[in-house]
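Participant: Starting from the known structure of chain A, fit chain B onto it as the hints suggest.
Number of protein chains: 2
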Amino acid sequence: MEDSTRDGPTLMSVRDDLIRQEDTIVFSLIERAKYPRNCNVYSTSFLSEIGDVVESPSLIDLFVKESEDLHAKIGMYDNQAEVPFFPHDLPKPIFTPQNQAHLSFLNPVASASANVSKLIWKMYLEQLLPLLTQEGDDGNYASTLACDLLCLQALSKRIHYGKFVAEVKFRAAPDDYSFHIRNKNSDALMELLTFEKVENIVKARVENKGRLFGHNISLHDGEEDGYKVDPCLFSHLYGEWVIPYTKLVQVDYLLHRSLT
Amino acid sequence: MEDSTRDGPTLMSVRDDLIRQEDTIVFSLIERAKYPRNCNVYSTSFLSEIGDVVESPSLIDLFVKESEDLHAKIGMYDNQAEVPFFPHDLPKPIFTPQNQAHLSFLNPVASASANVSKLIWKMYLEQLLPLLTQEGDDGNYASTLACDLLCLQALSKRIHYGKFVAEVKFRAAPDDYSFHIRNKNSDALMELLTFEKVENIVKARVENKGRLFGHNISLHDGEEDGYKVDPCLFSHLYGEWVIPYTKLVQVDYLLHRSLT
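Those protein sequences? They're chains A and B, same order as listed.
Under full-length UniProt numbering, the first sequence is numbered contiguously, ending at residue 260.
Under full-length UniProt numbering, the second sequence is numbered contiguously, ending at residue 260.
It is possible that some hints are incorrect.
For identical chains, the list gives no copy identity; a pair is met inside one copy or between any two copies.
Unchecked claim - Mimicking DSSO-like on lysine-lysine, the simulated pairs with C-alpha atoms at most 27 Å apart in a straight line are: (1) K203 to K92; (2) K73 to K34; (3) K157 to K184; (4) K92 to K34; (5) K169 to K34.
Since the hints were derived computationally from the structure, they do not count as laboratory data.
Values in this document were obtained by computation on a predicted structure and should not be read as measured data.
Next up, chain A with everything else stripped away, as it sits in the complex (with noise of 0.2 Å):
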């Protein structure tokens, strides 16, 4: 948001980050698809089984919690763009934060409103996965968790970004929608946040995306060039999770937000 700092987003601003976050995105699922699905990570009874603990959350809950309070207390979640998995006892900052200026753009009841967070979880863990990474098991938990946390960072900021982009559609042309939020009327609100010629540009433009991020080129004599991951993958991701939830948290915002 490197030309909206002063005055807070634009439609422009907003658009060049959804674009620059795709790029994001689809380098997080390729770096995660380095490893098999590690089944184990995700398993309740991992922990518990191996008798090192008492409680038994799985692996990746305890990691992304505590990566959360770790960033929480640099001051992460002090910007509204960032939307924790793990919201409740969250450490304060350490230090106060510097840019004011964007800490009240959106409205806080609506932006607390508009939250996916859940569905973004299970999504990636029961959809997703199954369809970037091999089965197997090779035993490299850190590493998964790891590219486990930034694609789920990733995956929900840009989700969650309909926030600001309901937000600046508002106060293009409030007329537009304050009719529409007063009946609360979701169904016409999101047919006119839907246009179905743009959603299928951004969904080219991801898929490509996977072809010039992931394209493998063959080192060794007999194998043929590839992709790490089906650059299909990202088309899809985009057409059936990620542009439907943004949806929702558009829709979801206008409905929570004051018309004052």
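Facilitator: Coordinates of chain B only, in the frame set by chain A:
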């Protein structure tokens, strides 16, 4: 190291790993370049100036140390390919390592000796960041730190991978190395490990990856296409630091390797 899980790394698997790690380095640096310098993150006076704590490590010291503690708990440093910047007082892993195959590949004495973490840290903060980032402060310290951690870890992993390179090369041709190791002749070892033609291929390849991953397609009228980071920075990084540091690691590893 997918094809090396059973028998330990091979010349071919190490080469593949190194090439794959280039992607991680190039992409991490491009991500860091999204944010300006944000000097406060590296200042040992920042936290004490704002009066929130008594002692004054820099934010980056504090964040990398705590991140490594967390990574140690999930077993990151059971993997000989991962080298922490703050190795003292690391917590024990909360579970026993699942993948024992790699644990004994490197010679432990040589592996402990061949450590250039302090060089990498200093190079990253003092030389690379000024080339990579624009001057300025946008207050996004948490995101900046998260990116710095990824860059530092990717560089450290790549450079310390020299230990694996040295070990596989030694095993493939012990007679070529033993004489110089016995005579502690580091110059002769350095010469044995230097292939200028290969180094030039590597530099050209990372520059090309910088061009591919960092290509900025203009979205606004009147703007020209460009690169998120000057692609030459990547060949410079490899030529000035990554390749020379890797060779330091290799020579130091070999000099401390037992010949039995």
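Participant: For which of the previously enumerated hints does the structure constitute a violation, in increasing order of number?
Facilitator: 1
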